[in-house]
Amino acid sequence: MEKDEIRIAVMRIEGTNCEDESVKAFKALGVYAETVHLKQFYSDFIKEEEMRTIWDYSCIVFPGGFSAGDYVRAGVIFSARLKSVLRKDLEEFIKEGYPVLGICNGFQILVELGALPGFDEDRPIADKPEMALSINDSNRFECRPTFLKHENKGKCIFTRRLKREIVVFPVAHAEGKVTFPMGREEEYLNTLKENDQIVFRYVDKDGNYAGYPWNPNGSYYNIAGICNVKGNVFGLMPHPERAIWKWQLYSDIDLLVENDFWELEGNNEADGLAIFRSIVEYLLKF
Amino acid sequence: MIASVYIELKEGVTDPEGEATKKALHLLGFKNVKKVSSIKVFRIEIDSVSRDEAEKEVIEMCEKLLANPVIHNYRIEWVD
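Line by line, the protein sequences are chains A and B. Mapping to my numbering: the first sequence position 40 is 269, numbers consecutive. Mapping to my numbering: the second sequence position 59 is 1226, numbers consecutive.
Hints listed in this document are in silico derivations from the structure and should not be mistaken for laboratory results. Misleading hints may appear alongside valid ones.
Listed next, the stretches of chain B that the computed footprint assigns to chain A, with coverage defined by at least 3 CB atoms under 8 Å from CB atoms of chain A [to be verified]: (1) 1193–1204; (2) 1226–1232; (3) 1236–1242.
Some but not every residue of chain A turned toward chain B, in silico, with C-beta under 7 Å [what the hints assert, rightly or not]: (4) Pro358; (5) Ser363; (6) Thr408; (7) Pro410.
This one's a predicted model, so the numbers in the text were calculated from it and none came from an experiment. By construction, the Cβ of each residue, glycine as well, lies at the ideal position given by its N, Cα and C atoms.
Sequences are here, hints too, so could you generate the full structure?
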């Protein structure tokens, strides 16, 4: 695929709120990205020039936010609507190898949809959810930077351009605790490990696995992000789009000025951009 | 017909909301509180030819939307 053929859809419905930052991350890399309302895929009340099909795009992103107000469970309403109108297309899209990314609420959507953990390559969307992102152990909305250790050995197409092993991405969620069926946790974990599906784990500032507050939600095995068995569906609770420039990561103005972290170029790129770059590089070879 | 659908966490799944509520109740002086569980209830009014048919449909609703089978149990009570 040529660079100018790449088209990224960042999906929105009522309550998503990270779509603009996600679009910006792709635009920073010089590829076309746009926000698309789910209605544009099916409604009759859409102007012709705004109608879309999934095949108009080379990558689908489910952004962060509070889709449908987090009612019932975070992400479940969006996933129910997806199932009703796009399930077959999305399943085909994943089978073809196109990338699908879910950030924060987007991860919750992919889990409720049954697209993650995504153990079955032939049926990339399971009938029922196989894991849950349950309420944080702290019972609080956890909003701050987290340290993540990249543990993927190459399956996940979204982290291939990551240069460092430990990165800092912020989290902002109340429901992010990775939970597998009771009593079957180890079985799930072994499958994830065997398939190289574990992508990020929460660590402390020295890179050691640690509990709260380093693991902000109590996730099993400190898991922060996983991909499906094929490596082309990826969900994570932390926000890479909030860590694409260094100035997004520091609140200390003096430090920013001192280090000249303001400019949108040169060494001011932060690790989050590598996630989006990995998608672009993957599509260029697609 | 009206059903109350109770969505509860499975035994053993941590319930941070229940725990936090218990703590707050203790702080308010309710020292006898042993356990608090958070339960979500949806009241669903539904047209159907029979209770059986309606129940089948409500079960499907639980499996498709209201509960996540990994962490939840559900229970249906007919109120009307």
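Here is how each hint holds up against the structure:
Here's how the stretch 1193–1204 of chain B fares: 0 of its residues keep a CB closer than 8 Å to some CB of chain A, so the rule of at least three is not met and the hint is violated. Here's how the stretch 1226–1232 of chain B fares: 3 of its residues keep a CB closer than 8 Å to some CB of chain A, so the rule of at least three is met and the hint holds. A count of 3 residues in the stretch 1236–1242 of chain B with a Cβ less than 8 Å from any Cβ of chain A is obtained; the coverage claim is therefore met, three being the minimum. At its closest, the beta carbon of proline 358 of chain A sits 5 Å from a beta carbon of chain B; the interface hint therefore holds under the 7 Å criterion.
For serine 363 of chain A, the shortest C-beta to C-beta distance to chain B is roughly 6 Å, which falls under 7 Å, so the interface hint holds. A hinted interface residue such as threonine 408 of chain A counts as satisfied when its beta carbon comes closer than 7 Å to some beta carbon of chain B; here the least separation is about 6 Å, so the hint holds. For proline 410 of chain A, the suggested interface contact is upheld, since its CB lies about 5 Å from the closest CB of chain B, less than 7 Å.
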